[in-house]
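Enquirer: Now for the letters of each chain:
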Amino acid sequence: MAKSLFQKVWDAHAVRNLANGQTQLLIGTHLIHEVTSPQAFGMLRDLGLKVLMPHRTFATVDHIVPTDRFDEPYSDPLAQAMIQELRKNCDEFGITFFDRHSGKQGIVHIVGPEQGITQPGTTIACGDSHTSTHGAFGAIAFGIGTTQIRDVLATQTMALGRLKVRRINVDGKLRPGVYAKDVILHIIRTLGVNGGTGYAYEYAGSTFDAFTMEERMTVCNMSIEGGARVGYVNPDETTFAYLKGRPYSPKGKAWDEAVERWRSFASDEGCAYDDVVNIRAEDIAPTVTWGINPGQGISILETIPDPASAKAPDEKSSIEEALAYMKLKPGAPIKGTKIDVAFMGSCTNGRLSDFQEVAKYLKGRRVAPGVKAIAVPGSQGVGALCASLGIDQVFRDAGFEWREAGCSMCLAMNPDKLIGDQLCASSSNRNFKGRQGSPTGRTILMSPLMVAAAAVTGQVSDAREVFEVEELVEV
Amino acid sequence: MSLEKITQVAGRAVYVPGNDIDTDRIIPARFMKCVTFDGLGEFLFYDVRKNADGTDKPHPLNEPRFKGATILLSGANFGCGSSREHAPQAIQKYGFRAMVAENFAEIFFGNCTTLGIPCATASREDIAKIAAAIEANPQTEVVVDVAKQEIRFGGQSVKATVRDAARDALVNGRWDAIGELLEGKDAVLRTAGKLPYLAA
Ligand code: SF4
Chain A
1 MAKSLFQKVW DAHAVRNLAN GQTQLLIGTH LIHEVTSPQA FGMLRDLGLK
51 VLMPHRTFAT VDHIVPTDRF DEPYSDPLAQ AMIQELRKNC DEFGITFFDR
101 HSGKQGIVHI VGPEQGITQP GTTIACGDSH TSTHGAFGAI AFGIGTTQIR
151 DVLATQTMAL GRLKVRRINV DGKLRPGVYA KDVILHIIRT LGVNGGTGYA
201 YEYAGSTFDA FTMEERMTVC NMSIEGGARV GYVNPDETTF AYLKGRPYSP
251 KGKAWDEAVE RWRSFASDEG CAYDDVVNIR AEDIAPTVTW GINPGQGISI
301 LETIPDPASA KAPDEKSSIE EALAYMKLKP GAPIKGTKID VAFMGSCTNG
351 RLSDFQEVAK YLKGRRVAPG VKAIAVPGSQ GVGALCASLG IDQVFRDAGF
401 EWREAGCSMC LAMNPDKLIG DQLCASSSNR NFKGRQGSPT GRTILMSPLM
451 VAAAAVTGQV SDAREVFEVE ELVEV
Chain B
476 MSLEKITQVA GRAVYVPGND IDTDRIIPAR FMKCVTFDGL GEFLFYDVRK
526 NADGTDKPHP LNEPRFKGAT ILLSGANFGC GSSREHAPQA IQKYGFRAMV
576 AENFAEIFFG NCTTLGIPCA TASREDIAKI AAAIEANPQT EVVVDVAKQE
626 IRFGGQSVKA TVRDAARDAL VNGRWDAIGE LLEGKDAVLR TAGKLPYLAA
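Order-wise, the sequence lines are chains A and B.
In terms of the working numbering, the first sequence is residues 1 to 475.
In terms of the working numbering, the second sequence is residues 476 to 675.
Wrong hints could be hidden among the right ones.
In silico DSS-like links for lysine-lysine, alpha-carbon gap of 30 Å or less [what the hints assert, rightly or not]:
{"no.": "1", "chain 1": "B", "residue 1": "Lys508", "chain 2": "A", "residue 2": "Lys417"}
{"no.": "2", "chain 1": "A", "residue 1": "Lys164", "chain 2": "B", "residue 2": "Lys669"}
{"no.": "3", "chain 1": "B", "residue 1": "Lys660", "chain 2": "A", "residue 2": "Lys8"}
{"no.": "4", "chain 1": "B", "residue 1": "Lys568", "chain 2": "A", "residue 2": "Lys329"}
{"no.": "5", "chain 1": "B", "residue 1": "Lys669", "chain 2": "A", "residue 2": "Lys251"}
{"no.": "6", "chain 1": "B", "residue 1": "Lys480", "chain 2": "A", "residue 2": "Lys372"}
{"no.": "7", "chain 1": "A", "residue 1": "Lys417", "chain 2": "A", "residue 2": "Lys88"}
{"no.": "8", "chain 1": "B", "residue 1": "Lys660", "chain 2": "B", "residue 2": "Lys634"}
{"no.": "9", "chain 1": "B", "residue 1": "Lys508", "chain 2": "A", "residue 2": "Lys88"}
{"no.": "10", "chain 1": "A", "residue 1": "Lys164", "chain 2": "B", "residue 2": "Lys542"}
{"no.": "11", "chain 1": "A", "residue 1": "Lys338", "chain 2": "A", "residue 2": "Lys244"}
{"no.": "12", "chain 1": "A", "residue 1": "Lys3", "chain 2": "B", "residue 2": "Lys568"}
{"no.": "13", "chain 1": "B", "residue 1": "Lys669", "chain 2": "A", "residue 2": "Lys8"}
{"no.": "14", "chain 1": "A", "residue 1": "Lys360", "chain 2": "A", "residue 2": "Lys173"}
{"no.": "15", "chain 1": "A", "residue 1": "Lys50", "chain 2": "B", "residue 2": "Lys525"}
{"no.": "16", "chain 1": "B", "residue 1": "Lys660", "chain 2": "A", "residue 2": "Lys164"}
{"no.": "17", "chain 1": "A", "residue 1": "Lys417", "chain 2": "B", "residue 2": "Lys604"}
{"no.": "18", "chain 1": "A", "residue 1": "Lys244", "chain 2": "B", "residue 2": "Lys480"}
No lab work stands behind these hints: they were computed from the structure.
This one's a predicted model, so the numbers in the text were calculated from it and none came from an experiment.
Using the sequences and the hints, build the whole thing.
Expert: Shown next, in the form of structure tokens:
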């Protein structure tokens with residue numbers, strides 16, 4: 001019988017059925033970071049348990065690290081305590097830790113793929129909701145809670161109910177100036193922030209076939225913003241080419257065998273899906289959010305929604321709440337909204353190609369006066385690649401601060417924070433109230449090039465105009 | 476490991492209205508800097524409960540009449556956002572033992588169940604009825620009956636749903652899976668042996 005990738009990976013990792021009807025699922029790869037793991041190790045110790053397969057857990061530190069300095073102790077004693085706790089735990093339980101001086105540290109969802117740890121046909125768990133990122137490789141990757149981290153550490157498994165699978169086909173060629181980020185913002189806007197509850201999203205179609213791994217990761221990353229705990233793309237030649245030669249990728253004869261096995265996990269032609277959605281690539285425009293959840297998005301050419309034209313009372317009140325918080329006017333164009341901060345980075349858009357694409361256009365441009373612009377590579381690996389290509393210098397010359405790897409301003413756990421009601425043009429994934437560190441701080445999500453356009457103009461702008469994208473492409 | 480069988484939770488309730496209450500709102504990220512969960516309760520809903528200077532904002536949890544409530548009522552899509560268990564932990568450490576909402580975000584729901592916090596869903600109308608009853612008399616005893624899937628309060632009863640797997644886990648004392656998972660060790664090693672990428 002024809003099966004989807006989800007089914008195949010699930011079946012290969014299902015250990016047994018549990019009394020409550022859930023499955024005990026083997027988690028082949030476990031990733032941990034400093035925020036959600038210390039409590040799990042605490043529970044483990046309380047129960048007197050050991051880590052069953054220490055070689056299948058990998059650790060890095062990302063959320064709390066300051067990005068403007070390297071030396072310890074950090075000015076925040078709690079941050080220092082967290083990194084030390086992780087060191088201690090990894091040491092005690094024999095877990096590989098990509099520490100800050102390893103040259104490999106970075107955001108967990110960037111490090112895994114970069115090191116070749118993330119592989120097709122595997123199950124991956126991490127105490128972080130953006131674990132769906134790893135699905136770009138044809139893995140089933142779950143965000144889990146701290147208690148489940150304990151379960152995975154102690155048993156290399158967790159209890160889980162099977163998900164339904166929705167296939168999302170995006171076909172055609174994206175218009176110039178439209179990126180993977182716009183694709184996922186468009187999908188979330190179309191299907192809603194809860195649209196994916198209970199589903200794994202299988203992204204497919206000619207647009208995804210043509211995507212690089214980094215573009216696929218950007219989309220899979222934000223599956224959770226659409227309510228889907230898991231998002232994946234079937235593995236293909238692009239996947240294998242990316243993995244070849246990475247530190248943890250199989251080598252020699254084992255590589256050929258692995259590729260053959262990986263290929264076999266791709267969804268079979270004609271397999272059944274619980275739902276299918278079709279989207280045309282040409283319908284997708286540069287998309288920005290205007291509200292306080294990632295589904296509140298519009299094309300850069302649209303106007304800010306008016307609660308008066310809401311279809312349901314619910315929708316009306318949520319628009320009102322969002323506009324009050326964002327201090328935006330209904331009916332006004334989103335284009336031209338003044339910004340205070342531009343943030344380029346995060347596990348959504350903090351990879352080499354993100355910086356590379358922006359650098360192409362940023363040369364010779366300057367960040368607008370009064371705008372604080374920071375660019376934060378997602379990992380030390382990305383930082384080193386950018387440096388070797390002179391990309392960091394392009395950003396610096398334009399007036400961006402170029403930082404050390406970490407989550408930075410994606411969330412408020414390190415010194416990079418919004419102040420007061422500052423408005424941030426951000427390449428990250430969440431625009432929730434207070435997300436970027438100030439309880440009244442405001443976030444507009446967009447693609448990296450749109451962030452750059454906002455940075456140089458001081459307002460939310462259409463990158464295609466600011467950087468004459470169409471023309472450049474037509475030449 | 477034997478766990479409590481959670482068939483029902485009875486106590487006073489408080490209604491925190493709103494849809495899409497996300498994990499950042501439940502526990503702002505800056506309070507997640509901790510190496511244990513102890514003490515998280517006091518930061519529950521911090522930014523909507525407190526002004527920058529630490530004084531109280533108007534919020535149901537700040538009202539003396541709702542102090543000591545053990546059941547939290549809210550709107551749709553409660554707990555959306557991050558997978559952080561700090562959110563249900565903060566709710567539990569604050570003193571809540573059960574939740575009622577129109578629906579819950581997936582990861583949040585799972586995290587709550589694992590902590591033994593039943594998350595019951597009820598219709599908006601029924602939640603409004605419960606909210607009205609506790610507004611009229613904050614002392615009203617509310618019973619979230621997990622086994623019977625109903626909520627009783629002030630002589631009324633409304634239908635509630637606790638999803639099958641979660642209900643089964645709660646009422647049979649299997650809401651924390653670790654015991655059963657540990658028992659499966661031999662089967663785990665057998666399955667792992669068939670997957671080349673797990674070789675040490
Ligand atoms: S970059 Fe943001 S979303 Fe990604 S792991 Fe870090 S905090 Fe989470």
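Enquirer: The structure should be examined with respect to each hint, and the outcome stated for every one.
Expert: Outcome of the hint check:
no. : hint                : result
1   : B:Lys508 x A:Lys417 : 15 Å, holds
2   : A:Lys164 x B:Lys669 : 25 Å, holds
3   : B:Lys660 x A:Lys8   : 22 Å, holds
4   : B:Lys568 x A:Lys329 : 40 Å, violated
5   : B:Lys669 x A:Lys251 : 19 Å, holds
6   : B:Lys480 x A:Lys372 : 54 Å, violated
7   : A:Lys417 x A:Lys88  : 28 Å, holds
8   : B:Lys660 x B:Lys634 : 40 Å, violated
9   : B:Lys508 x A:Lys88  : 17 Å, holds
10  : A:Lys164 x B:Lys542 : 41 Å, violated
11  : A:Lys338 x A:Lys244 : 44 Å, violated
12  : A:Lys3 x B:Lys568   : 44 Å, violated
13  : B:Lys669 x A:Lys8   : 14 Å, holds
14  : A:Lys360 x A:Lys173 : 21 Å, holds
15  : A:Lys50 x B:Lys525  : 41 Å, violated
16  : B:Lys660 x A:Lys164 : 27 Å, holds
17  : A:Lys417 x B:Lys604 : 41 Å, violated
18  : A:Lys244 x B:Lys480 : 51 Å, violated
Hint compliance for this structure: hints 4, 6, 8, 10, 11, 12, 15, 17 and 18 are not met, and every other hint is.
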